[in-house]
Amino acid sequence: MNERRGELSFEGILATAFLSLIIATVIAVLQFYNTRNPAAPENHDITRSYNIILSRLREDSQITAFVETASDSAVLFDSQSEIVSRYILNAGNLQRFAKDGKGETLLKDVEAAVFRTTEELQNLLTVKILPADRMDIPFFTSFALRGVNNDLN
Amino acid sequence: MATLLAHHVIENIVARHAQNPSYLPTMSDAEPVVESVEHVEPVSRYFRELSDTGESITESSDPQLFWSLKPYKCQIDTYYLADGLFKVIVYITYQREGRTMKVFFERLLPLRSFQENGEDEE
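Taken in sequence, the protein lines are chains A and B.
Take 417 as the starting number for the first sequence in the working numbering and just add one per residue.
Take 30 as the starting number for the second sequence in the working numbering and just add one per residue.
Keep in mind that the hints were calculated from the coordinates and are not lab data.
Warning: the hint list may mix true and false statements.
Stated by the list, open to error - Here are the simulated BS3-like cross-link-like pairs (lysine-lysine), alpha carbons at most 27 Å apart as the crow flies:
1. B/Lys99 x A/Lys524
2. A/Lys518 x A/Lys544
3. B/Lys99 x A/Lys544
4. B/Lys131 x A/Lys544
Assemble the whole structure, with the sequences as input and the hints as a guide.
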């Protein structure tokens with residue numbers, strides 16, 4: 417059968433319809449995924465930052481004997497009274513400075529960071545970090561200072 | 030958050046044990062971690078004296094932390110083991126879509142200080 421110019425064959429129409437169906441399905445799946453996980457990237461970012469803060473403080477607390485805390489900073493010392501590290505909230509950025517002065521920003525957009533010990537437990541550093549975005553979960557945990565009593569490990 | 034809270038409790042126990050080697054945690058039911066009128070149980074001892082005023086966290090003392098911690102409860106299980114060891118398991122429980130979720134950390138503590146002080150029963 418002869419085809420006129422501009423006409424599709426039956427197979428061509430079937431292929432176009434199949435392709436359209438596949439594209440529509442992919443778009444629908446992507447829309448569904450985005451609806452189910454609207455804030456996934458941001459949550460992932462803050463969780464990653466919290467994991468880094470947790471691991472840095474865990475490493476530091478292994479060799480820290482005592483800590484000096486201020487309203488938004490903490491200085492960790494070993495049993496020889498040498499600095500292990502410093503944590504400072506500076507212009508909304510939580511920063512850590514190592515013994516050699518090398519600094520790194522652990523978390524941005526922080527509203528408050530509180531470091532404290534109590535009279536009863538001076539070998540326990542409690543850390544509270546409140547993100548500026550109230551939709552993000554806060555960071556709250558504690559670290560036993562093991563610098564004096566290494567067999568705690 | 031549940032992992033951070035379980036970490037807080039385990040580290041609290043480790044610090045207390047370091048300060049006083051005869052200290053061993055006691056078992057407890059699932060207790061709230063913040064003070065609320067909806068809770069009839071007392072706040073878990075590991076979450077008292079946490080606010081800036083030295084008391085439990087309340088909605089008025091620290092609203093952001095209060096609402097983040099309110100869904101969680103803390104339970105402690107303890108076991109005496111052979112070879113002079115004491116096992117503590119910290120459970121942090123919360124509800125998600127009608128199901129009880131549970132995160133737990135466990136820690137072994139030595140009982141040697143009891144034996145050195147002659148306080149164990151043989």
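Each hint, compared with the structure:
{"no.": "1", "hint": "B/Lys99 x A/Lys524", "verdict": "holds, 26 Å"}
{"no.": "2", "hint": "A/Lys518 x A/Lys544", "verdict": "holds, 23 Å"}
{"no.": "3", "hint": "B/Lys99 x A/Lys544", "verdict": "holds, 16 Å"}
{"no.": "4", "hint": "B/Lys131 x A/Lys544", "verdict": "holds, 23 Å"}
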